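Work out the full structure: start from the sequences and follow the hints.
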Amino acid sequence: MLKLEVWEEVQIKDNYKLIGTTWTFAPTGRLNSLRTLISVAASKGLKFEQMDIKSAFLNAPIKEDVYLTIPQGLNRDKRHMCLKLKKAIYVLKQAPLAWYCRLSTWLMKFGFKVSKADSCVFYLEKPEPIWLFLHVDDIGIFGKNLTEFKTAIEKEFQTKMLGRADLMLGIKIIHQHDSITLTQSQYIDSLLDTYGMANCKPVATPLIPNIHLELATKSEKRAFQSLNVNYCSAVGSLSYLSTATRPDLSYSISALSQFLENPGMTHWNSFLHALKYLRGTSEIGLKYQKDSQEPIVAYSDADWGNCRITRRSTTGYLITINDNLVIWKTCKQPTVSLSSAEAEYKSLTDLTSEILCLRHFCKEINISEVEEAIVVHEDNQGCIDTANSDCNTNTQRMKHIDIQLHFICDIIANSIIKLQYTPTTDMLADFLTKSTSRPAINQAMRELRLL
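For reference, each letter of the sequence shown is one residue, going 1 to 451 in the UniProt record's numbering.
Heads up, some of the hints might be wrong.
Using 30 Å as the maximum straight-line C-alpha spacing, the simulated DSBU-like pairs for lysine-lysine come out as follows [to be verified]:
#1 Lys399 / Lys332
#2 Lys63 / Lys86
#3 Lys329 / Lys172
#4 Lys150 / Lys54
With beta-carbon atoms standing in for the labels, derived distance ranges [unchecked claim]:
#5 Ala413 / Arg311: 13 to 23 Å
#6 Glu214 / Gln158: 35 to 45 Å
#7 Pro209 / Ala373: 11 to 21 Å
#8 Ser55 / Lys93: 11 to 21 Å
#9 Thr425 / Glu371: 44 to 54 Å
#10 Tyr67 / Phe110: 26 to 36 Å
Simulated from the structure, these hints should not be mistaken for laboratory data.
Values in this document were obtained by computation on a predicted structure and should not be read as measured data.
The beta carbon of each residue, even a glycine, is placed where N, CA and C say it ideally should be.
Spelled out as structure tokens, the structure:
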């Protein structure tokens, strides 16, 4: 901190409001963006390297006058003195923004542009394309020729060049000549150790097939409380897995997360069941292949009224680029649907919003032109007929979702998406909406290259 001139000693005045010190939030890119960039790197044969900025926040000047007490380890005999910050430190609420502004200002001077879809993704168009993914001080670099950029940033900041990316955000990255695989086997092993399940007997599915979790009874709550375990923390530990590399866990985590306030033994045993599933599938990861050049393709599905407590439906959708899975989601719908077509329509609306964001992102950073309408696979013919018909003819039977109806109709009319009927047996998003059997999960995992 002294080397970087983070502060200077000044005399305390009566109007100074001192803040304490402790020895903490920052600019982070979306996982969807990272997976999209990795998919492009795999399909186009780009380099994917990684670098770290040392003491990142301490490089960022701050505009406000901030004074703090002298921390332990420094000369505290000067009781009448305090420290006036010249640069950000990790305890400050404005430090993440200050660091982001410092880095982004330099990047834009170098020639980079910032993505409007994800402010932590930067792209350079000339002389050769380069893409950056920021996660605080950890930076993923994508491109064919990175030498000039790496030399320039090393002159501006204290950096550590890590070479080819092999571990980012807790995700192990395996490079092969024709593919890139993302896995979290080390994280899974640590979870199994934490909950004493390292030697448990594996099971075939994340949840018991066709199970419907209910509210816990008083006796179940008491039995669970006697275990003295933190259910929220336990389910949260699986949440990152399901959002980063393991879509096969998405429905189970969504189901378990609905009982965070009053869990019972059934919910805890279902959590342990998920760990048993991970015990047998810890090495599974997302594989992104080089030889695929398929356009963006999406799948939308819903399970109508499957929550027996609220009778709300479950949304599930996924998007692939170059046949590589980059986006997926499972969530309970916010309102009750009066028909399966309505539940499917709500899911389709959420998916379409995601497609618009991805489409803009791909065009903006020049990784795909996306000129043709994006094919969306849907297994409900009523939903397809409604979306493809004149909105004005559906106002009576669908008027309670009229805004969603007009939104989808406009998107289809503008040739942004094109709905295609797909039988339920071929619906790849089906496993995101319900607890399915092992054969059904295996089929989806094979086609999505979750291997």
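Evaluated hints:
1. Lys399 / Lys332: holds, 22 Å
2. Lys63 / Lys86: Holds - the C-alpha atoms of lysine 86 and lysine 63 are around 8 Å apart, at most 30 Å.
3. Lys329 / Lys172: With Cα atoms ~22 Å apart, lysine 329 and lysine 172 stay inside 30 Å; holds.
4. Lys150 / Lys54: Holds: lysine 150 and lysine 54 sit about 15 Å apart, inside 30 Å.
5. Ala413 / Arg311: 13 to 23 Å: violated, 33 Å
6. Glu214 / Gln158: 35 to 45 Å: About 55 Å separates the Cβ atoms of glutamate 214 and glutamine 158, which means 35 to 45 Å is violated.
7. Pro209 / Ala373: 11 to 21 Å: violated, 36 Å
8. Ser55 / Lys93: 11 to 21 Å: Holds - the Cβ-Cβ distance for serine 55 and lysine 93, about 18 Å, lies within 11 to 21 Å.
9. Thr425 / Glu371: 44 to 54 Å: violated, 31 Å
10. Tyr67 / Phe110: 26 to 36 Å: Given range 26 to 36 Å: holds, Cβ gap about 34 Å.
The structure fails to meet hints 5, 6, 7, 9 from the earlier list, while all remaining hints are met.
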